[in-house]
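Visitor: Here is how the chains run, residue by residue.
2 protein chains.
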Amino acid sequence: MPSSTPTSPGRFAGLTPLLAPRSIAILGASNDATRIGGRPIAFMKAAGKFQGAIYPVNPNRAEVQGLRAYPSVADLPETPDAAIIAVPAALAVQAVEDLGRRGTKAAIMFTAGFAEVDEAGAAEQARMVAAARAHGMRLLGPNCLGVFDGRTGYYATFSSSFDSGWPVPGRIGIASQSGAYGTHLYTLARNRGIGASLCIMTGNEADVTVGECIGWLAENPEVDVIAAYIEGIREAPGLIAAFETARAARKPIVMMKVGRSALGSAAAKSHTASIAGDDAVTEAVMAEFGVVRARTSEEMLDIAQTATRRIYPARNTLGMITLSGGAGVLVSDVAEQAGLAMPPMPEDAQAKLKELVSFCAPRNPVDATAQVGNDLNLLTPFFESLIRDGGYSSILGFFTMVASSRRWPAMLEKLNEVRARYPDRLYVLSAIAPEAATRAMEADGWVCHEDPSRAVAAIAAMGRFGEAFAAPPPAAPPVVPPVVLPAATPSEAEAKRLLAQAGIACAPEAACADADAAVAAAAGFGYPVVLKILSPDILHKSEIGGVLLDVADAGAVRAGVATLLERARAHAPAARIEGVLVAKQLKGGVECILGIHQDPVFGPMAMFGLGGVFVEVLKDVVFRRCPFGEDVAAAMIRAIKGFPLLDGARGRPKADVAALASMLARLSSFAVAAGPRLGSIDLNPVFAMPAGEGAFAADAVIEVAT
Amino acid sequence: MPSSTPTSPGRFAGLTPLLAPRSIAILGASNDATRIGGRPIAFMKAAGKFQGAIYPVNPNRAEVQGLRAYPSVADLPETPDAAIIAVPAALAVQAVEDLGRRGTKAAIMFTAGFAEVDEAGAAEQARMVAAARAHGMRLLGPNCLGVFDGRTGYYATFSSSFDSGWPVPGRIGIASQSGAYGTHLYTLARNRGIGASLCIMTGNEADVTVGECIGWLAENPEVDVIAAYIEGIREAPGLIAAFETARAARKPIVMMKVGRSALGSAAAKSHTASIAGDDAVTEAVMAEFGVVRARTSEEMLDIAQTATRRIYPARNTLGMITLSGGAGVLVSDVAEQAGLAMPPMPEDAQAKLKELVSFCAPRNPVDATAQVGNDLNLLTPFFESLIRDGGYSSILGFFTMVASSRRWPAMLEKLNEVRARYPDRLYVLSAIAPEAATRAMEADGWVCHEDPSRAVAAIAAMGRFGEAFAAPPPAAPPVVPPVVLPAATPSEAEAKRLLAQAGIACAPEAACADADAAVAAAAGFGYPVVLKILSPDILHKSEIGGVLLDVADAGAVRAGVATLLERARAHAPAARIEGVLVAKQLKGGVECILGIHQDPVFGPMAMFGLGGVFVEVLKDVVFRRCPFGEDVAAAMIRAIKGFPLLDGARGRPKADVAALASMLARLSSFAVAAGPRLGSIDLNPVFAMPAGEGAFAADAVIEVAT
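Those sequence lines, one after another, are chains V and Z. Residue numbers for the first sequence follow this note's numbering, beginning at 465 and rising by one. Residue numbers for the second sequence follow this note's numbering, beginning at 465 and rising by one.
Isolated chain V, as found in the complex (with noise of 0.2 Å):
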């Protein structure tokens, strides 16, 4: 059960050696300081700050860029925490094999052309990360563009993104599965003046994974805030305990997760090796342990930037400042679209503004006008109303091109009078400034994004971050019997049989072997009934017309039955036929899908929606990796937009949302418990019934992986 892996302290402390090694040989090196082999000692002999040692290695040279070289690792005079390999791809595997001799723990593999070449690279790919394992010896890469720590000077990397200016150190720590974009990532934040930590590229991915990196991340203390790039996931064990680490540890984490279009999953196979995974099912991952997902770079590093100042609120309200009424409205457009509140001040308050400039608008956005601009004294008093009555955790000032105006500074100072008194708050500008004088404001404590809808994108992702870490643990998975599924898929009887062991309610039915039967069964439900072809061999009923709804009467069951017998030897000959369901007709109810499928990554997932065109047309449901209790049940089937329809829209009874939960969440655990030959659970439709009349499947079907 993936959600409840433990999580020890210092459960990612394997990577140190490779993340933040005391020592470090480079294998390849040059003396060519514009060379893969090169670049890294360069780079750390101009950064100047790196405290181990530093040992090329090359069998030709006695010096490489001024630093004593070696013939081989076996001559080093100490075993190097980590070396980088950057010898040709025929020579990586023994390069692998020489360090894990020699007992050192990680490697960083420039080296290209394994699998993201070929079969053979794959081949070749394999044998390197079993020669590591071999020796208990991490590998990151191949392919990849390694890793380097500006705030310690460690550069095992071949990057070309210091021609503009060396790292800035910071509290951002950048996890990637590609180099480019990581460096990109990298080089705009520095660009913004913001500082990262480490940034680590992660490349093929034969052994160190990004969830992995991640999580040594969050197990940092030199680490703040994760951003991390993702093609497609290869695991999920370390990312799921990265997640975990990292949200008790109250840091948050903000995730490009590409490949989400055809296109773009086309492109991630052909550039890494990569299985891009499916898209719902990655984000419903995210959205459990309150990762967020940036759409854009920008948003990325919007996120990331403001999460520095660590102001999470888990009950996030916005409280806005401006001397424009027009941004206002634009402000209120954004803050509603992201689901961020911004409750009206209090009364009083309001009177009081009102007071100070007759005109104002002083509900929230707060519009002080020019006027306020104009007149200093009369801009402390409204932003400490704003701050103070209104209480709000985030506070937006929008000052525009004011903040190039030669009023700033004292009008800056004002501000910052007041907020000493409110520290707890998060306090963003949104201004035009020029870059030194807005570097200032954020070291000052401000947050500055000129671009108001930005600015509101940003504080709405640390309410979200906010959420997440103060939801209370939720509710243990029901338990349900142990299951033993079949050797093959069962037919829809014993599929509900095996469901109904676990507490999952089927509409009431019975197996007929022949018409009588079905006749005295139909009595004993009372009229309508649904008959249905009942045979092992044929998954898909209603494909050849197997299903007939609304049978009305004895006579009408009569007719029913030879139909399908007819039909069923028409389209199916080699069908076994065991004879038909006859079920209760459920009327009144809302029709839902519940069904499982299995992630190669991430195991069995549940997924819910409404039934027929929501599903099918709108693609209206959600997702979660299973099991999990009735709450997270019940927020999933509040989380689709059709919800209104099971919440008494259009002057429905509500449907019973509990026992549609409480059947969601069984299913959970029963998919778990039914173990890897599972193929998927199909319970189409299911009704709702009006609330206190329970939730009943239909229709069951079980796929066996045979």
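By construction, these hints were calculated from the structure, which means they are not laboratory data. Among the hints, erroneous ones may be present.
Copies of one chain are not kept apart here, so a pair can be met inside one copy or by any two copies together.
To be verified - Once the Cα atoms are required to be at most 25 Å apart in a straight line, the calculated DSS-like pairs of lysine-lysine come out as: (1) K816 / K513; (2) K1105 / K1083; (3) K1118 / K1005; (4) K878 / K1105; (5) K1048 / K818; (6) K1048 / K878; (7) K1005 / K1051; (8) K1051 / K1105; (9) K1083 / K513; (10) K1118 / K1083; (11) K818 / K878; (12) K816 / K1118; (13) K1005 / K1048; (14) K1105 / K1005; (15) K1005 / K1083; (16) K878 / K1005; (17) K878 / K816.
Following the hints, complete the assembly by docking chain Z onto the known chain V.
Guide: This is chain Z only, laid out in the frame that chain V set:
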């Protein structure tokens, strides 16, 4: 019929004295360059470009800021084209009167305290407009920040946005209802090095509207691109004519419309005296004319800047070259979401690129790999193949921090050489470069957007402009006979009779005075039938249980008639009961809703959606100004998310979309023919039958304003 308003050349020429005067007076001229009556003079003197005469008017001074001042308008040596009014509110109407008498053609009213404040102010504003109109004078404002033109040095504004620098002349025109937002946008543009010719801010819009200003910009040969900011639209004719003028002149309009949210609308009302129109209606009008809506200021500038290249492909395709696969995946995702096609490179071209770099990904995005970044001789064939062989209308180069590297100048030279051979494409660079380098590349014909997601959004917008510019003229709306609405809201039967005259088909039905007549009618249609109470006083029949479905035989018809009459007596004792309506119950169709509502600004708007939950829960509807032809109607039908349901999803037959489109177009003509007394129309449900079998309204409500 607004869509066929004739647009004569120079239709907006009447605004020229206001927006490009040859001489200007300043009423309330101040010697203090920081006061609102002093700023315009100070700006025009400091900028030193304005070629016309400047006449300060001030009864107390002989000289203002070194210029000769005049005691009154009557004392001016000539009639100025335009005048700025910066006097106290109490003197404002008199100032308008004085200027009108003198023959001045235009006034810019800075003075505030009118309709935006209270009823008394609104009355005073009405007097001001009456005075201006009596003399044929146009009035900008009141409560407005005026207008400025960096090209001509015309500064009829008291904006404080010039503290950080003077305007940069350019070919983007800005029209904004909000002064603060207009100057905000303008300042952002200038900081990006984007020039704006004019920036016009309309304030209260007592007379001149933002629509007219857009129209004038569309006619101005110095303007190529129009950026507009709107909170609420006051009048349709000017805006529609402006949109038509701009489209005819192939000048793109990018527009920000705020007030989408409930909060936003509230803020818009408190901020100006504006009526924030229904957002869906405004969006429909923008879509009609190919006006692209921007959601943020950055998006607005991204699009406007890209549009200054004046390349608007009617069939936009994107080809991308990158040195990193990760960015390709990201861009593919964003392009798919933006509806921007990225077709693959031709197979033979891909093969040739593979020969050059065996591990490149040549499909599109073309990942040329870092090798091409290191070998300039490879860059040219890759870039040229993308352009020549791919044939894409838009080319995106993603070079990230390579553009900050020492290699970049040589690479850029190669790229520019190729580009010069294919000048008809749109070239966009996504790169991290120093600002001066970015400006130089832009001056050289590139569009630079650091963030690839923003680049894609801007490129996609160019295609939307291109589609609008290339669109054939729409089909003529159907001709319907004159509509004579009754004095009050008609009964369902009468409503259907009126609609039938316009060719709108209703389900076969008969008005029956009693049960015998109902049984006879039902026998004629065939069972089952629908029974409905028939009364001009009961509009919403289903609310009183006045509709019975699935009435199966003669006995059920008699029982049903009795039930309906009983329910009508119980729930609406005063209603005139004319009997019952018997209708054939249509089976097998898709339920749709067609409706009309009167928008206070744009007149009758047609709505289309699927029935039931699609409209009421999911709001999956589309709007359009009436009238329109079947081509537009068909496009509306295809635009809803649920369209697959009409197009054969889930094994259904395809619906008769042609009949549905014909009905929708006829309804739009009917709505216009019905005139302003028409309140609304609801055809709900309309059954779209399988293709070839037509579409029939099963219920019709026409509300008439009394």
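Visitor: Within a copy, between copies, both or neither: which one fits K878 and K816 at a CA-CA cutoff of 25 Å?
Guide: within (19 Å within a copy, 65 Å between copies)
Visitor: At 25 Å max between alpha carbons, let me know whether K818 reaches K878 within a copy, between copies, both or neither.
Guide: This pair counts as within: shortest intra-copy Cα distance 20 Å, inter-copy 63 Å.
Visitor: Measure nothing new, just compare the shortest in-copy and cross-copy C-alpha distances for K1083 and K513 to 25 Å and report within, between, both or neither.
Guide: Neither. Shortest intra-copy (53 Å) and inter-copy (60 Å) distances fail the 25 Å Cα cut-off.
Visitor: With identical chains, the pair K1005 and K1048 could be close in the same copy or across copies; at 25 Å between alpha carbons, which is it: within, between, both, or neither?
Guide: within (17 Å within a copy, 33 Å between copies)
Visitor: Pop the pair K878 and K1005 into one bin, within, between, both or neither, using alpha-carbon distances up to 25 Å.
Guide: neither (73 Å within a copy, 63 Å between copies)
Visitor: Is it within, between, both, or neither for K878 and K1105, if the alpha carbons may be no more than 25 Å apart?
Guide: Cα proximity of K878 and K1105: none, with 45 Å in one copy and 51 Å across.
Visitor: With 25 Å as the alpha-carbon cut-off, assign the pair K1048 and K878 to within, between, both or neither.
Guide: Neither, since 73 Å and 75 Å both go past 25 Å.
Visitor: Evaluate K1005 and K1083 at a C-alpha cut-off of 25 Å and name the case that applies: within, between, both or neither.
Guide: So K1005 and K1083 pass the 25 Å test inside one copy only (23 Å; across, 34 Å).
Visitor: First find the shortest C-alpha distance between K1048 and K818 inside one copy, then the shortest across copies, and answer within, between, both or neither for a cut-off of 25 Å.
Guide: Neither. Shortest intra-copy (66 Å) and inter-copy (63 Å) distances fail the 25 Å Cα cut-off.
Visitor: My question is about K1051 and K1105: at a cut-off of 25 Å on alpha-carbon distance, are they close within one copy, between copies, both, or neither?
Guide: within (23 Å within a copy, 28 Å between copies)
Visitor: At most 25 Å between C-alpha atoms: does K816 with K1118 qualify within a copy, between copies, both, or neither?
Guide: neither (44 Å within a copy, 63 Å between copies)
Visitor: Between K1118 and K1005, at a C-alpha cutoff of 25 Å, which is it: within one copy, between copies, both, or neither?
Guide: Answer is between; shortest inter-copy Cα gap is 23 Å, intra-copy 31 Å.
The structure shown violates the earlier hints numbered 1, 4, 5, 6, 9, 12, 14 and 16.
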